[in-house]
Amino acid sequence: MSDVSELRYGVHSLSREIRAHRRPGPFTETQYLILGSLDRGGPATPADLGEALHVRSQTLTPALNALTDAGLVGRRRDEADRRRQYVELTAEGRTVIEEDRATRNAWLEAAMAERLTPLERDVLLLAGPVLAKLAGG
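With UniProt numbering applied, the sequence shown covers 1 to 137.
Treat the hints with caution; some may be incorrect.
So the derived label-pair ranges between C-beta atoms look like this [to be verified]:
hint: 1; residue 1: D122; residue 2: H54; range: 26 to 36 angstroms
hint: 2; residue 1: Q58; residue 2: E6; range: 32 to 42 angstroms
hint: 3; residue 1: V55; residue 2: R22; range: 12 to 22 angstroms
hint: 4; residue 1: R22; residue 2: A91; range: 18 to 28 angstroms
hint: 5; residue 1: R84; residue 2: T117; range: 44 to 54 angstroms
hint: 6; residue 1: Q58; residue 2: E88; range: 14 to 24 angstroms
Hints in this document: simulated from the structure, not taken from any laboratory.
Heads up, the beta-carbon is just placed ideally off N, CA and C, and yes, glycines get one too.
Please model the complete structure; the sequences and the hints are all you need to start from.
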């Protein structure tokens with residue numbers, strides 16, 4: 001396996017494992033992705049969210065409706081263009097995404113402490129910002 005293939009496989013496997021350690025709850029992966037995107041980027045139009053998540057905005061409609069019904073996101077009209085609608089996190093939505101992150105961070109910290117040497121842990125922590133840069137973030 002080439003170095004690049006090994007890196008891709010490792011990143012993919014770790015991402016899958018982190019997602020698997022979400023606290024059980026009523027929300028889908030897409031709903032968590034929407035909440036995370038809004039938390040990081042602030043209010044956005046459905047089209048902006050679709051672009052950020054690499055899906056068509058129409059694909060997000062059921063998830064956005066469910067999040068709105070649950071009180072985790074709110075919608076507001078653009079004052080300059082009343083046809084444009086923004087979606088934004090509510091305080092409850094922010095709490096849900098922060099709790100989700102805390103659960104996954106705790107798993108990752110424990111797994112790193114259990115499975116990695118101190119040097120491997122340090123290297124991995126240094127790689128985080130580099131991986132985010134590579135991903136465009």
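Against the structure, the hints:
For the hinted restraint 26 to 36 angstroms between D122 and H54, the CB-CB distance of approximately 32 angstroms keeps it satisfied. For the hinted restraint 32 to 42 angstroms between Q58 and E6, the CB-CB distance of approximately 37 angstroms keeps it satisfied. Checking the proposed 12 to 22 angstroms range against V55 and R22 shows it holds: the Cβ atoms sit about 20 angstroms from each other. R22 and A91 have their C-beta atoms about 21 angstroms apart, which keeps the hinted 18 to 28 angstroms range intact.
Between R84 and T117 the Cβ separation comes to about 51 angstroms, which falls inside the hinted range of 44 to 54 angstroms. Look at Q58 against E88: about 20 angstroms separates their beta carbons, and that is inside 14 to 24 angstroms.
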